[in-house]
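Undergrad: Sequence:
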Amino acid sequence: MAASIELTREYGYVVLVLVAYSFLNLWMGLQVGKARRKYKVFYPTMYAVESENKDAKLFNCVQVRAPAHPKIIPPPPPLTLGSIESLWRRWREQRGHQNSLEVMPLLFAMLLLGGLRHPAAAAGLGALYTVARLFYFTGYATGVPRNRMRIGVRLSVVAGVGLIGCTASFGISLIVRETP
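Going by numbering that gives the first Met the number 0, the residue at position 73 of the sequence shown is 72; the numbering climbs one at a time, nothing skipped.
Simulated from the structure, these hints should not be mistaken for lab results. There's no promise every hint is true.
What the hints assert, rightly or not - Capping the alpha-carbon separation at 20 angstroms, the derived lysine to any residue pairs in SDA-like fashion look like this:
1) K53 - R36
2) K39 - S50
3) K33 - D54
4) K53 - N24
5) K37 - T137
To be verified - Using C-beta positions, here's what the derived DEER-type ranges look like:
6) R153 - K37: 30 to 36 angstroms
7) V14 - E51: 42 to 48 angstroms
8) V48 - L6: 46 to 52 angstroms
9) A108 - L25: 17 to 23 angstroms
10) K39 - V14: 37 to 43 angstroms
The beta-carbon is built from N, C-alpha and C at its ideal position, and this holds for glycine as well.
Build out the structure end to end from the sequences listed, making use of the hints.
TA: Here's what the structure looks like:
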C-alpha cells in the first residue's frame with residue numbers, strides 16, 4: 000500500500016544540517032589540498048610512496064586508521080620547528096577528512112530518513128554530529144591521533160546513536176501504522 004509523507008517546516012532544518020556538513024567537508028578538503036601542494040603529493044596519488052617522497056610516511060599515516068591501543072603508534076616527539084609541526088598537522092588532516100567522507104553517506108541517510116518522523120531531533124543531532132566532526136578533524140590534525148577522541152568521537156557516538164534511534168522509529172512507524 001502506498002503512503003504519502005508530508006514534509007513539515009522543521010524538515011528544512013534537516014536539509015540545512017546536510018548543507019552545513021557539506022561545507023565542513025569542503026573546508027577539510029581544502030586543508031588537505033594545501034597539504035598536497037606543500038608536500039608534493041599530487042592527484043591521482045592517494046598514498047605517497049616513500050621511495051618517491053621523503054614526506055610519504057607523514058602524509059600517509061592518516062590514511063590508516065589509528066589503532067585502538069595508542070601505544071602501537073606512539074605520538075610524535077616534541078617538535079619545535081614550525082615546518083615540521085605544520086607537516087605533522089597536514090597529514091593528520093588528510094586522514095580526518097577521509098574518515099568524514101567515509102561516514103557521510105550513513106549520516107545523510109539517517110538524517111533524511113530519521114528526519115521524516117523526527118525533524119527537530121534529527122536536525123539537532125545532525126548539527127551536534129557536524130560540530131563533533133570539526134573537533135575530530137582538528138583533534139586529529141594536532142599530530143596526536145588520540146586527541147580526536149577527547150570530544151570529537153564521544154559527541155559523534157552520542158549523535159550517531161540518536162540518529163539511529165530516529166531512523167529506527169521512522170521505519171517502525173511505517174510497519175505498524177494503521178491502514179484504512
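Undergrad: Are the hints correct? Go through all of them and say.
TA: Hint check:
Straight-line distance between C-alpha atoms of K53 and R36 comes to about 14 angstroms, which keeps the hinted pair within the 20 angstroms bound. Between K39 and S50 the CA atoms are separated by roughly 13 angstroms; this keeps the pair inside 20 angstroms, and the hint holds. For a cut-off of 20 angstroms, the pair hint linking K33 to D54 stands: about 14 angstroms separates their Cα positions. Restraint check: the Cα-Cα separation between K53 and N24 comes to about 28 angstroms, which exceeds 20 angstroms; the hinted pair is violated.
Among the hinted pairs, K37 with T137 is consistent with the structure: their alpha-carbon atoms are about 19 angstroms apart, no more than 20 angstroms. Remark: the range hint 30 to 36 angstroms for R153 to K37 is upheld by a beta-carbon distance near 31 angstroms. Separation of V14 from E51 is about 44 angstroms and conforms to the stated range, judged on CB atoms against 42 to 48 angstroms. Roughly 49 angstroms separates the CB atoms of V48 and L6, a value that falls within the hinted 46 to 52 angstroms.
Separated by about 20 angstroms at the C-beta atoms, A108 and L25 satisfy the suggested range of 17 to 23 angstroms. Between K39 and V14 the C-beta distance comes to about 39 angstroms, which sits within the given range of 37 to 43 angstroms.
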